[in-house]
Amino acid sequence: MSNQPDIIVLFSGGLDSILAAKVLERQGLKVRCLHFITPFFGSAKAVPYWRKVYDLDIVSQDVGEDFANMLRQRPEHGFGKVMNPCVDCKILLLRKARIYMESVGAKGLATGEVLGQRPMSQRRDTLHLIMRDAGVSGTLLRPLCATHLPLTQMEESGLVDRTKLLSFSGRGRRDQLDLAAELGITEIPTPGGGCRLTEKENARRYWTVLTLLPCASNEDFTLANLGRQFWHHEDGEHYWLCIGRNGADNDKLAAAVQPDDMLLRLRDLAGPMALARHGAGWPRHVLESAAAQAASYAPKAVASGGPVAVRVRQGQAEGESLLDLEVKPERLEQVWGETPWDDIKVVIKAEARERFEAALHSKHKPSQAEEE
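Just so it is clear: in the sequence shown, position 148 is 148 by our numbering, and no numbers are missing.
Treat the hints as calculated values from the structure; they're not laboratory data.
All of these numbers come straight from a predicted model, not from anything done at the bench.
Hints should not be assumed to be uniformly reliable.
Unchecked claim - Here are the simulated lysine to aspartate or glutamate pairs, EDC-like style, with alpha carbons at most 20 Å apart:
# : residue 1 : residue 2
1 : K45       : E25
2 : K300      : D268
3 : K107      : E156
4 : K96       : D133
5 : K345      : E201
6 : K200      : D343
Turn these sequences into a full structure, and let the hints guide you.
This is the structure in structure tokens:
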């Protein structure tokens, strides 16, 4: 790893970010790639593989809690077609990248963005807005479409040769694939961006967590990625149950447990693990219904034809369980369920409309002097 990079490249693991790094390396610059991790995108486990396959200097940084905070406050520039806050996401990541850049003494930032490739975040006006709001105007270079954009400080200083930068634009990938072949890149990542917030099934889970928990955290959104997700609503309270689909889910649920969570598992039979978020405060009848729901996903429990024992323990505590519950395995669809995406989308649009109207009203509100 180079001691002091010249440029920090925001690295998603997608083809565009790989090419941006390689185009700059081809000029003899020391490039370090910065990979951000949140519950919605990013993978720390993939970094060693990327280093090996693409021969790049790559580090990772977890910004999950900052991203969760942005969602709690609602993105200033709104969501895309699903729950993707693309513009606010870019602003957040560039702010974080600028801080990292300054900490390691690099001279600039770069991304793999291509003018016109994405309708929400890569229009010309939006590219300018993102730079301005992130505080990286003049510091940010977009090597793949640089000749369509104004000069940056790195080009003006001679650090980067503008004549060796590119003029890609639009949504096609032919130019990128040709450049990859020229650079000898044979392993081409699948296109699509990899952001779970663009997928309806995932967004349905995230929105429920965001709106029903008092202060949804990075850990809560991570938990929303695991297994089967169920909610129960009773007397104004909301109860969240996660049930593993397989052994890998069970291990992740066990690792995700917090001090006031309850872990539920069949005492005498093989079956899924379930996690009751903040379950230590649940009424017993709710806990029993959660145990019955979890047991219904264990074929051997269902085949037994009668009640089964579900062992319940709190948090990470080892040893004896808090209690054993005798329940009949059954799908309690009237008790435990999920809100359909179409219903959630209506709520998201209504909330966005309210924020827009409030902002409009605030903008046109007369000043005190005008009122006088």
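Outcome of the hint check:
Distance check on the hinted pair: K45 and E25 sit about 24 Å apart at the alpha-carbon level, beyond 20 Å; violated. Between K300 and D268, the direct Cα distance comes to roughly 10 Å. Compliance with the 20 Å bound is thereby established for this hinted pair. A threshold of 20 Å between alpha carbons decides the hint, and for K107 with E156 the separation of about 12 Å falls inside it, so the pair holds. Between K96 and D133, the direct Cα distance comes to roughly 12 Å. Compliance with the 20 Å bound is thereby established for this hinted pair.
Our distance criterion of 20 Å between C-alpha atoms is met by K345 and E201, whose separation comes to about 12 Å. Distance restraint check for K200 and D343: the Cα-Cα separation of roughly 12 Å lies within the 20 Å cut-off, and the hinted pair is therefore satisfied.
This entry does not satisfy hint 1, going by the numbered hints stated previously; all others are met.
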